[in-house]
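Spelled out from the first residue to the last, the chains are:
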Amino acid sequence: MPVTKSDLLPIRASDDVVRVRQEVRSRAQDIGLSLVDQTKIVTAASELARNTLIYGGGGTAMLECLQEGARRGLRLVFEDKGPGIADLDQALTDGFSSGDGLGLGLSGARRLSNEFELTSKVGEGTRVMIARWK
Amino acid sequence: MDVASSKLPRIVGDNEEAILEDWLAEQKSAGQIGAGRISDAELRTECRDFLRGFAEALKSGAGQDIEATGYGPVRDVLARVSASRAIQGFSPSDTARFVFSLKGPVLERIRTADASDPAGLLVDTWLMTQSLDQLGLFTIEHYQRTREDVIIRQQQEIAELSTPVVKLWDGVLGLPLIGTLDSARTQVVMENLLQSIVDQEAEIAIIDITGVPTVDTLVAQHLLKTVAAARLMGADCIISGIRPQIAQTMVHLGVELTVVSKANLADAFALALQRTGRMVVSRGGTKAVAPALRA
Amino acid sequence: MDRIPILKMGRALIVTIQVDMHDRLAMALEEDLTSRIVATGARGVLIDISALEIVDSFIGRMLDNIAAVSRILDAQTVVVGMRPAVAITLVELGLSLSGVRTALNVERGMDIIRASEPDQDDTGALDEVGDASHQE
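Protein chains in written order, with my numbering: chain C, 1 to 134; chain S, 1 to 295; chain Y, 1 to 136.
Here chain C stands alone, though its shape is the one from the complex:
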C-alpha cells in the first residue's frame, strides 16, 4: 500500500494527545474526508492516543496517508510498550474499563473506523491500527 506521507508523533503527555488530534485533523482534510468522517477519525485517534498515554505509559502514533490508485486513506498506528492487554475480547466490550474511563475507547474507535486491528502481549505492549478511506 503506497504511503504518500508518514509522520511519527510521540505520546508522552496530555498535550501530545491534543497535538495528535490536530495532526490527524490536518491529514484527514488533506485526503479530502467529509466533515463527519474527519470528526470520526479524529475522535477515534483521541481515544487511542489517550489509551496509549494512560494505559500504555506513553508511546507513539504513526500517521500515514495512503494512496491506492485513485483511492486515498489515512492509517494511524498507536504503539506502546506498556503492560499489554490480557483479555482482548473483554477490552473490546463496551463499558469495560480497567481504569476509570468509560470503557468506550477501543470499541468506540473500532466503530468509528473502516479498519481496525488490535495486537497486544502482556508484559510487552499494545499496538492498535485504525484506518479510514475516502
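Calculated from the structure, these hints are not laboratory results.
Don't be surprised by glycine CBs; every beta carbon is placed ideally from N, CA and C.
Among the hints, erroneous ones may be present.
[To be verified] Pulled a few chain Y residues facing chain S out of the computed Cβ check, cut under 10 Å:
(1) L73
(2) E92
(3) L95
(4) L104
Given the structure of chain C, go ahead and fit chains S and Y onto it with the hints provided.
Just chains S and Y, lined up with the frame of chain C:
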C-alpha cells in the same frame, strides 16, 4: 526470469510511431471505438500518451513492476482512460482491451529485433506480456472503482431526493422517510436532518416511517441513532406512521423504540404543537364559510 | 495560558469552551465549576460547546460529571450548541450523555434554566466569576 537484459525498452522506444499507428489500426478494426463514442483524435492522444509513458517506464528500468515510480505517468493515463470509459458506459473488457491490443504491434517489433536471438525473444516477449497484463488488470480495477463511485454517488442522490426535510411549523420539522433504510442512506438522512435542525432552529423533529416497508433490528438501530444524535443537539424526536404489522414485528424481534411514537403524522404534529407550548383554537361562533380557493 | 472563563448571569453560570482542551484543562474546569456552583449558589450551568469540533469520551465524561454534580447541588446543567458532525460521532462512539440536558443554542439553554427556576433574577450584569486555568 531475469529481464534486466531485455531489449524491450529500446524496441519500444525506437519504434514508437510505427507501434502507435498499428495499435490504433488494431483498435479500430476490432471495433474498439465503440460506435463513435470516442473520437479518433481523442483515442490517438490517449494511445500516444500511454505509449510514451510506457517507453519511458521501460527505459527507467522499472521492468514489470508497474507499481514503481517509473510507471507513474502510465498509471495516470490508464486512470484517466478507464475513468472516462467507465463513465461513458464501456464494458470493463473493452476498456482493458485498450492495453491488451498493444501486444500485437509490440510483438511484431520484438520478432524483428530478435530474429536471430531466441533467448532474447523469450525475455522480451515475457517482459512485454507481464507488464501489459498487469497494466490491463490495473485498468480493470480502476474501471471498477470508478463504476462503484458512480453508483455510490447515485445512491446518495437518491437518498437525498427521497428524504426532504419539511418545516411543519416554527420549530417543528417533518422527515417523511420513503423506502428502505440501509446504513449508507441513514448517514445521509441523519446529516440532512441534523443540519436542518440547526438551520431551522427546530425543537422537535417528526420522523414519519409510513413509507418504510419493513423495520427490523437494523432499521430500528438506524432510527435510534438518528434520534439520539438529534437529542444530543437539543431536539426531541417523535416517530409516526408505525403500521400495526410493523409494531407487531418489532415486539416479536424484541426491538424497543425508546422514543415517543404516534400512529400517524397528525397525532405526532398535535403532540409537537403541545410540546412547544402552542394550542389550536377554534374561532367559535357560526361556522364561517371561507371563500373557495380560486386559482 | 489557556483560560476557560466562567461567567455569571443572574443565578446561572455560563461556560464557553473554545479551545481544544487537553485532559488537565478539562479536569480543572470540572473542579472549578463545582466550587463556583457552591460559592455562588447557582441554580443553572450552561455549557456552550458550539466551538468544539471534537467531543471524545473524556470530554463526554466531564460533561456527565458536571451534570451529575450540579444535580446534587440543586442546579440544572444544559449543554448547548453541539455540532451535527459531533453528535453523529458521539452516537457512533456509544456516548449517550443521558444525564445531560441539551439545547440547540444559548438562548434556548437559558430558557430551560429560567424555566426551572422561575424567580431567578437574570437582569444582573455578566460577571466573570473565575476561570479554570491549566496548572503547569
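Verification of the hints:
{"no.": "1", "hint": "L73", "in the structure": "23 Å, violated"}
{"no.": "2", "hint": "E92", "in the structure": "7 Å, holds"}
{"no.": "3", "hint": "L95", "in the structure": "9 Å, holds"}
{"no.": "4", "hint": "L104", "in the structure": "4 Å, holds"}
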